[in-house]
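*Asks:* The listed protein sequences correspond, in order, to chains A and B.
The numbers in this note's numbering rise by one with no breaks, and the one at position 88 of the first sequence is 88.
The numbers in this note's numbering rise by one with no breaks, and the one at position 292 of the second sequence is 1292.
Derived by calculation from the structure, the hints in this document are not laboratory data.
C-beta: ideal position from N, C-alpha, C; glycine also.
Heads up, some of the hints might be wrong.
[Unchecked claim] With a straight-line Cα cutoff of 30 Å, these simulated BS3-like cross-link-like pairs (lysine-lysine) come out: (1) A:Lys72 - B:Lys1077; (2) A:Lys31 - B:Lys1077; (3) B:Lys1077 - A:Lys127.
[Said to hold, decoys possible] If you want the ones that stay clear, here's a sample from chain B, every Cβ over 10 Å from chain A, calculated: (4) Gly1088; (5) Asn1128; (6) Leu1219; (7) Pro1236; (8) Val1270; (9) Phe1271; (10) Leu1277; (11) Tyr1279.
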Amino acid sequence: MTHRRPAVFLFILALVGFAFAAAGDGEWLRKVPAKDRVRANPFAADSDAPAAGAKIFAEHCAQCHGEDAQGKTQDKHVRPNLHADRIKQATPGELFWLLTNGSQKNGMPSWSRLPDAQRWQLITFLKSLP
Amino acid sequence: MNLYSRTILTLSAHALVGLAMFAFVPQLHAQENYFVTYSQELEEPGNLEIATKNVTGAPKGGNPFVATALEFEYGVKTWWTTELYLDGQTTAGESTLFTGFRLEDRVRPLLREHWINPVLYFEFEDINGADKALLEVVGHDSRTDIATRNDRSEKKREAEFKLILSSNFRGWNVSENIIAEKNLNNSPWEFGYALGASRALALAASAKPCKFCRENFVLGAEMYGGLGERYSFGLPDTSHYLGPVVTWSIPRGPTLRLSPNFGLNQNSNVFLFRFMLSYEIDQLFSKLGSSR
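If we strip away everything but chain A, and leave its shape as in the complex, we get (with noise of 0.2 Å):
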C-alpha cells in the first residue's frame, strides 16, 4: 500500500498540472453562468462611455495589455490581445463576469473594486475597438 502513494502523488499533481494548463486562453468563458451571461450593458448607448473607458483603460489595463490594446508578452506571460475575436464574440455580460472574478490563474485579478459603472464603461469601450 505504501509503495502506490508516490504513484498517486504523482497522479493527483499530474490532474492539477493538466488543471492549471487547461485554464488558460479562453477557458474563463465556460465558467461564466447563464443569467450572467445575457447581462446587458446599460452604458452601452452612452456616448460618453467609450472615451471613459479608455481613461479607465489606460489607467488600469494598459499596463499590461498596451496601450494600443494589442497584448504583449511580459516574462513568459501572454497577456491577450483585446482586439481578437473571442472579445468581439463575447456577450457584455460575459466580459463583466471576467472584469468582476478576473483570471486568477492565468494573472488577470479581479476588478470589482472598480465601480460596476465603470466596468461597464470599460466594456463598451473593448466593445468600440477595431
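Position chain B against the provided structure of chain A, taking the given hints into account.
*Replies:* Just chain B now, kept in the frame of chain A:
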C-alpha cells in the same frame, strides 16, 4: 516655533514636494482605502507600491510625535502580495529613531469574487518598544504606550495573523479584520479588530481627463481597537479609535490619503492624525528587464 511644529512643517514640506514630483510622472495608481483596515484588494502582479504611512499625535502626559512606516508592497501573484515595512519615529524633545521592520504576506484563498471575500494575513515584526507606527491596536494597547519616553530596550519579535473579510457592493467596500498577535517571547495571544466602509464620490468615470473629478475621491470611515488578550478578552482596558478617511487618487499619479482619528475612551489618545502618500510602479521587473 517648537520642535513639534518644526517636525510637522518639515514632513509636510517633504510630502508636498514628493506630491508635486509624483503628480507629473505617468503610469501610477493605488488601491487600498484605509489606514489600519485591510480590504480584499491585493497588489496587481508585478507591481511595486511604495508608500509612507504616517501618524502624528500629542499624547497626554507625553511629547508630541510623528511616526512613519515606509512600505514596499509587491504583487507576486494575483492571489499573493508581499510587503516590507521600515518603521521610524520622531518624538519632540526626545529623539528620532529607526524602530524596526515588518514582513507581511497576504493570500487570497478563493480565486473568484464572493459576497464576502476572505484574505489570510501573516506578519513577522521585529520592532522595539519605541515604535509608534500604530499600524494596529491589539491587547491592552493604550495611550500610555505612546506617551512614555523613547526606549529601545524592549524588543518585540511578534507574529501576527489577520482574517480579512471584505465585500464590494454597489460601489461600497465594507471590510472587517480580526487580528491575533503573539510576542514570541512567551507572551499570551493579543487580539484586536478593524472595520472600514468606503465609497467613491462618483461611480461612473467622466469622459474627460481630470485630476479633481469626483470618481478620483473615495470617502470612508474606519474604526479599530483592541480586544484584550487570551486571559482577559474584551473591549475594556484597551483603546479604540474612529475616524473618517479621504483618499485622492491622482490619475496616473500618486495617491494621497488623510484621516483624523478620535479616541473613543480614556485609554485612547484624544486625537491622532494619519496621512499617507503612495506611488505605484507598474510591472517593475519587466521595466528593469527592458532597460537592460
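*Asks:* In ascending order, which of the hints set out earlier in this document are inconsistent with the structure?
*Replies:* The structure conflicts with no hint, since it agrees with every one listed earlier.
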